[in-house]
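Below are the chains, spelled out letter by letter.
There are 2 protein chains.
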Amino acid sequence: MREINGSTQIFGILADPIHHVKTPQRINQLFAERQIDGVMVPVHVKPEGLAQAVQGLRTLQNLGGFVVTVPHKTAIVALCDEMTPEARLIGAVNVVRRTADGRLVGGMLDGEGFVSGLRSQGLEPAGRSVYLAGAGGAASAIAFALAGAGVRRLTIANRTADKAQQLIDRIASHFPALSLAVGSEDPAGHELVVNGTSLGLHPGDALPLNVDCLEPQQIVAEIIMQPAETPLLRAAQAKGCRVHFGAPMLSSQIALMAAFMRGATPAEGT
Amino acid sequence: MREINGSTQIFGILADPIHHVKTPQRINQLFAERQIDGVMVPVHVKPEGLAQAVQGLRTLQNLGGFVVTVPHKTAIVALCDEMTPEARLIGAVNVVRRTADGRLVGGMLDGEGFVSGLRSQGLEPAGRSVYLAGAGGAASAIAFALAGAGVRRLTIANRTADKAQQLIDRIASHFPALSLAVGSEDPAGHELVVNGTSLGLHPGDALPLNVDCLEPQQIVAEIIMQPAETPLLRAAQAKGCRVHFGAPMLSSQIALMAAFMRGATPAEGT
Numbered sequence: 559m560r561e562i563n564g565s566t567q568i569f570g571i572l573a574d575p576i577h578h579v580k581t582p583q584r585i586n587q588l589f590a591e592r593q594i595d596g597v598m599v600p601v602h603v604k605p606e607g608l609a610q611a612v613q614g615l616r617t618l619q620n621l622g623g624f625v626v627t628v629p630h631k632t633a634i635v636a637l638c639d640e641m642t643p644e645a646r647l648i649g650a651v652n653v654v655r656r657t658a659d660g661r662l663v664g665g666m667l668d669g670e671g672f673v674s675g676l677r678s679q680g681l682e683p684a685g686r687s688v689y690l691a692g693a694g695g696a697a698s699a700i701a702f703a704l705a706g707a708g709v710r711r712l713t714i715a716n717r718t719a720d721k722a723q724q725l726i727d728r729i730a731s732h733f734p735a736l737s738l739a740v741g742s743e744d745p746a747g748h749e750l751v752v753n754g755t756s757l758g759l760h761p762g763d764a765l766p767l768n769v770d771c772l773e774p775q776q777i778v779a780e781i782i783m784q785p786a787e788t789p790l791l792r793a794a795q796a797k798g799c800r801v802h803f804g805a806p807m808l809s810s811q812i813a814l815m816a817a818f819m820r821g822a823t824p825a826e827g828t
Numbered sequence: 559m560r561e562i563n564g565s566t567q568i569f570g571i572l573a574d575p576i577h578h579v580k581t582p583q584r585i586n587q588l589f590a591e592r593q594i595d596g597v598m599v600p601v602h603v604k605p606e607g608l609a610q611a612v613q614g615l616r617t618l619q620n621l622g623g624f625v626v627t628v629p630h631k632t633a634i635v636a637l638c639d640e641m642t643p644e645a646r647l648i649g650a651v652n653v654v655r656r657t658a659d660g661r662l663v664g665g666m667l668d669g670e671g672f673v674s675g676l677r678s679q680g681l682e683p684a685g686r687s688v689y690l691a692g693a694g695g696a697a698s699a700i701a702f703a704l705a706g707a708g709v710r711r712l713t714i715a716n717r718t719a720d721k722a723q724q725l726i727d728r729i730a731s732h733f734p735a736l737s738l739a740v741g742s743e744d745p746a747g748h749e750l751v752v753n754g755t756s757l758g759l760h761p762g763d764a765l766p767l768n769v770d771c772l773e774p775q776q777i778v779a780e781i782i783m784q785p786a787e788t789p790l791l792r793a794a795q796a797k798g799c800r801v802h803f804g805a806p807m808l809s810s811q812i813a814l815m816a817a818f819m820r821g822a823t824p825a826e827g828t
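Chains A and B, in that order, are what the protein sequence lines are.
Going by this note's numbering, the first sequence opens with residue 559, and the numbers climb by one from there.
Going by this note's numbering, the second sequence opens with residue 559, and the numbers climb by one from there.
Chain A with its partners taken away, still in its complex shape (with noise of 0.2 Å):
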């Protein structure tokens, strides 16, 4: 680490708890490789303590942003003053760069770190017929960026499949010529399978999809991040399919975020 002297930019992560965040130590990390001073604290804030201290984080001269996790990401929103088309369509933010003038801006870079995820580990969605699982945040933030990416064909299963078709019907207003549909719980037939829930993240969590269909040629990818092999990546794995792990999604959002915060546009921070 880089010594913290006068001049050095400050960046936070608001999150409640506190004590699990990996975000500082890689931002940091990039920080120092980086040869930029800043450096990145955790800030454990509380939700209803949550306005109070943006409202006060906003008055720092020296703040150049902070990611926003766990509780805060749909909290966040009502408190930026601005915010990308990304994290409008979401309606959640995951990093805000606070501006020269005290303004904060809001962004949203779950779908672009998973997409820049996939890429770094060789895998092009473009022109790709995707199975998405989910239609909660994350997934929705993942179906935008996939969206946005290129692929030819996106279907999105969701246990409340209303919730699927109104994710569905808010991309086809973006995205008209993309080809969409509300799936079942069976991935077969699509080329990259995607789980967009949580479900993996707790022992005894139902799978996500159905396994059983899974076909060897497909590559199916988690958002779950810990365990890194989730019930469905072992599934996926044993039908031999390739697997693509949570971890990239972090690992690129890590350079997203320090570019988002320290006021580089989306195209820089790639």
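Since the hints were made in silico from the structure, they are not lab data.
Note that this is a predicted model, so its numbers are computed, not measured.
Among the clues, some could well be false.
Computed footprint of chain A on chain B; a stretch qualifies when at least three of its residues, placed anywhere within it, have a C-beta under 8 Å from a C-beta of chain A [said to hold, decoys possible]:
1. 570-579
2. 587-599
3. 611-625
Beta carbons are placed, not taken as given, at the ideal position from N, Cα and C, and that holds for glycine.
Since chain A is already given, all that's left is putting chain B on it; use the hints.
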């Protein structure tokens, strides 16, 4: 520097401007030496944003506290929930501890830092006759700390004699046994001569006292750190006096501030 992780306790220094601060470097070095999982970052707050910034900092659950410096030392008083006797007496705060329930306790360690700095150089003020130039914030803190340290006699000289008298009256009410007097610009007859003004900070400043009256057996002490060798100290050296630089006051305060913010009692901090 230690790696920052999710369990790292955070500390700040509030200042405007911020670039020149050296406290983060010193505190972080102390944390590293003592294997304390904490980090201090510079926090640039403008006077008009101080209240909002502090209300925000109050909500940060993993904030241990913050150092307060120019220009916030007086304005911060109204934002603290509680103050140490020293801070109340002096009407200024240079360090704040955040308690677990979000209360802010203000302390003023300038005086204790000065006395501790003297002792670190083998100079025990107890039992001495002291001449102090100045009756402003820093001088007041030093005067109370010298009184508390058990000096035998304290003479306070100030351009505006009324202000010296007011300070003496306040000290007398807390230390009724101490021999106190308003002094002239002549420091003769005292063992320890202290500059508690900012004269000497800028080129062309007037001298804080009449250096022609200095006596070779006197010890002449500065609170100015930059330049290390003020015109007063140069004149004192020319007269054959032992000099005491401004730096030990800061060095001593670093440990005192760290202890205060981490919840140690003043006794533990020394």
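Hint-by-hint comparison with the structure:
| no. | hint | result |
| --- | --- | --- |
| 1 | 570-579 | holds (count 6) |
| 2 | 587-599 | holds (count 3) |
| 3 | 611-625 | holds (count 10) |
Hint check: no violations occur; every hint is consistent with the structure.
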